[in-house]
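Chain F is fixed; fit chain G onto it per the hints.
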Amino acid sequence: MQILNYNFTKLILYLVLVLSVFILFFTASISYRKIVELTESEQNLIHKHLITAQLELLASDIKQAESNQRGFIITGDSTFVQTYRSAKNAAATSYQNLVQLLEKDELQKKNLLTLQNLQEDRFYYLDKNLQYSTDTLEKKLLLKRSMNAGKRTMDLLLAKINQMKNIELSLLQKRSKMYQEHAELSPKWIFISILFSLFIFICSFYKINRDLQNLKKANNQLMINKEIFEHSEQIAEISSWCWNLQSDTLTFSHNQYRMLGCEVHSFEPTTENFMEFVHPDDRHILHEGRQKILIDSSSTPVVSYFRIIRKDNNSLRYYKSIEKKIVDNYGNDIVIGINADITEQYLKDKIIEEKIFDLERSNNELSAFNHVASHDLQEPLRKVQTYISRIKERDFDQLNEKAKEYFTRVQIAANRMQKLIDDLLLFSRANKADKIFEHTDLQEIFDNAQVELAQLIEEKNARLQSTALPVIDAIPFQIQQLFNNLIGNSVKYARTHVAPVIQVSAQWLQADQIPFLHHFGKARFLELTFDDNGIGFDQQYADNIFKLFHRLHDDNSFTGTGIGLTICKKIVENHKGYIKAYGVKDQGATFKVYLPA
Amino acid sequence: MNQDAMHILLADDDEDDRLFFTDAIEEIKVRTVVHTVNDGVQLMDRLLNPEIRLPNLIFLDLNMPIKGGIECLNEIRSDKNLRDITIAIYSTSASQEDIEETFVKGANIYIKKPNDFSELKKILKEVISINWQYHTSGLNRENFLLSL
Numbered sequence: 012m013q014i015l016n017y018n019f020t021k022l023i024l025y026l027v028l029v030l031s032v033f034i035l036f037f038t039a040s041i042s043y044r045k046i047v048e049l050t051e052s053e054q055n056l057i058h059k060h061l062i063t064a065q066l067e068l069l070a071s072d073i074k075q076a077e078s079n080q081r082g083f084i085i086t087g088d089s090t091f092v093q094t095y096r097s098a099k100n101a102a103a104t105s106y107q108n109l110v111q112l113l114e115k116d117e118l119q120k121k122n123l124l125t126l127q128n129l130q131e132d133r134f135y136y137l138d139k140n141l142q143y144s145t146d147t148l149e150k151k152l153l154l155k156r157s158m159n160a161g162k163r164t165m166d167l168l169l170a171k172i173n174q175m176k177n178i179e180l181s182l183l184q185k186r187s188k189m190y191q192e193h194a195e196l197s198p199k200w201i202f203i204s205i206l207f208s209l210f211i212f213i214c215s216f217y218k219i220n221r222d223l224q225n226l227k228k229a230n231n232q233l234m235i236n237k238e239i240f241e242h243s244e245q246i247a248e249i250s251s252w253c254w255n256l257q258s259d260t261l262t263f264s265h266n267q268y269r270m271l272g273c274e275v276h277s278f279e280p281t282t283e284n285f286m287e288f289v290h291p292d293d294r295h296i297l298h299e300g301r302q303k304i305l306i307d308s309s310s311t312p313v314v315s316y317f318r319i320i321r322k323d324n325n326s327l328r329y330y331k332s333i334e335k336k337i338v339d340n341y342g343n344d345i346v347i348g349i350n351a352d353i354t355e356q357y358l359k360d361k362i363i364e365e366k367i368f369d370l371e372r373s374n375n376e377l378s379a380f381n382h383v384a385s386h387d388l389q390e391p392l393r394k395v396q397t398y399i400s401r402i403k404e405r406d407f408d409q410l411n412e413k414a415k416e417y418f419t420r421v422q423i424a425a426n427r428m429q430k431l432i433d434d435l436l437l438f439s440r441a442n443k444a445d446k447i448f449e450h451t452d453l454q455e456i457f458d459n460a461q462v463e464l465a466q467l468i469e470e471k472n473a474r475l476q477s478t479a480l481p482v483i484d485a486i487p488f489q490i491q492q493l494f495n496n497l498i499g500n501s502v503k504y505a506r507t508h509v510a511p512v513i514q515v516s517a518q519w520l521q522a523d524q525i526p527f528l529h530h531f532g533k534a535r536f537l538e539l540t541f542d543d544n545g546i547g548f549d550q551q552y553a554d555n556i557f558k559l560f561h562r563l564h565d566d567n568s569f570t571g572t573g574i575g576l577t578i579c580k581k582i583v584e585n586h587k588g589y590i591k592a593y594g595v596k597d598q599g600a601t602f603k604v605y606l607p608a
Numbered sequence: 367m368n369q370d371a372m373h374i375l376l377a378d379d380d381e382d383d384r385l386f387f388t389d390a391i392e393e394i395k396v397r398t399v400v401h402t403v404n405d406g407v408q409l410m411d412r413l414l415n416p417e418i419r420l421p422n423l424i425f426l427d428l429n430m431p432i433k434g435g436i437e438c439l440n441e442i443r444s445d446k447n448l449r450d451i452t453i454a455i456y457s458t459s460a461s462q463e464d465i466e467e468t469f470v471k472g473a474n475i476y477i478k479k480p481n482d483f484s485e486l487k488k489i490l491k492e493v494i495s496i497n498w499q500y501h502t503s504g505l506n507r508e509n510f511l512l513s514l
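Chains F and G are the protein sequences, given in the same order.
Just so you know, we're using the numbering used here here: the first sequence kicks off at 12 and counts up by one.
Just so you know, we're using the numbering used here here: the second sequence kicks off at 367 and counts up by one.
None of these hints come from the bench; they were simulated from the model.
Any given hint could be a false lead.
[To be verified] What follows is a set of in silico ranges between Cβ atoms, one per label pair, in the way DEER data are often shown:
hint, chain 1, residue 1, chain 2, residue 2, range
1, G, 472, F, 561, 40 to 50 Å
2, G, 496, F, 380, 48 to 58 Å
3, G, 472, F, 479, 37 to 47 Å
4, G, 472, F, 509, 45 to 55 Å
Source: prediction; values computed, not measured.
Every residue gets a Cβ at the ideal spot worked out from N, C-alpha and C, and that includes glycine.
The shape of chain F in the complex, shown without the other chains (with noise of 0.2 Å):
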């Protein structure tokens, strides 16, 4: 799963918005300008438009009046004089709204000082001419006077008009020119902060939407992960809760309710109704942890132990509960536990306590029996034996033959008893677990095997061989106890008038190479082989040669317990080994041992 960078994330996002801002300010500001001056520009274009035409309005109103004034003077008739005043008014309406127009231009106001001065010098000569238009010639020469001084001004009034509206043409033109350029200007301007906006934009969107994309990846992880660990707690039977210290509210995992006995969310999650469930003998060890956890700075986990009644069946659960305190993203202090309900393991615990405390009440009975049997069992017979032997020194000869007869027989019976004793005090030995595994060399124990037989061996003539015997792990007395046991076993069961030949060998093998160890693969066992040519055995009570007290031959010329096999048995399975037991009845026995590298 990608884990965000989200504080990197952020920063970039800031940046995005502060740049994304400022640029749309930008741009804002300069398009505002742009069309203020647009507007500008056009009204002022209009108000040139609307000098000019103002100007020509004055020129044609003035010569409204005068082409009035000839019509009254040729015709006589008054209307033109009604419509000549009108023209004159209009005139001076005219020049009224020039002087508006122009109110901010000082040059033209100048220009239109000196207009008014010959409108009025016009209209003087023109109200003149009204007044000489009678027949007299007097007036005639006035009139023609009058006239030509009108003409004179007239032609100079025209051409201050002209002049004016050159001058308004000129910075028509000058505007006209500037407005161009503005509007050539500024759509670029905004067109390339609105291709950048739109750049930075369309980045921000790719950024947000992959953040959101590995958002979704990571929400969908969470989700699944989400699932595991609600399907883990209920297979596990543990449950999880979390306790915000700043904000004081407790949140349970929804397998915290079902290990209650409840359904989920069915009631308020807090620490008093949980301790509703908790055995009341055991609040108090939930109390304390808390107070641990709280007033421990460090982050150690607190473990405690604890029962809960299930809501459902009533039934005795045990916890174990761990909490851990932990600081969050946001920098909260919060406590984290996970609940185990380990009633299972606690109770199966119990049964192998209970076990254990049997199997050991058992020991203890074994080695007292151990005690019986080495002490106060042989006490009274090493008296018995020893009254025997008394007897048998001093007063044997005073017996009669029956009771000699007899007394030799509860002499026999006494040392068996006694070698009974003694094989049983080796086999309780070979239970007990002084388990050392020393480097022990084969051909040494093989070796001590004689030695402690030898008054044996001389005495049935035996013949020990053996091929070279490999040191291994094991425990030497145990070893020792196992070769002494089999080779006295081979040499006291040999046949009448055949001399004993026993044969000793050892090969590595792999544990494939051996039938019932096939499922080892491998592993490599030792085969020790004990190879006799005595009085063998029916291989079909093969598997009883190695029960306690079980003997496979009556016959009293045989003095053996039916324990010293058992011992055997038990030496090698105290070596995690198997032994082997084959025999062919008058020809011989063979005992292979498999002990583990």
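The following block gives chain G in isolation, referenced to the frame of chain F:
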């Protein structure tokens, strides 16, 4: 009695064993003075009684009521007047633990009570005839357990 005779003290709670012991000593015809006590308490009382001559050799049974042989061994070896007395452990058991423990605690020899009277005589003869002053210096685990 003869001043040169060896003074032997047997501590054993078993009447039969005490009988075997005194009979055997009598029969081997070595100049000895034998005393017997029935348990560890009697043994220590006797040893700590200044009016009674200390024995040259103590035969000590391990399993005795009230005060056992190991306890007596400890007390004898930690008493500066008694520590030089030769002690032969004389027990029914020949368990490895007992042999090891008595050796470590300073017994001189370990005798497993035999089940044959003639063997008992042989053993006692052997033990009594050992020159203990010489023997003690060569004391080791191998020859601690007496075997004939």
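In rising order, the numbers of the hints this structure does not comply with: 2
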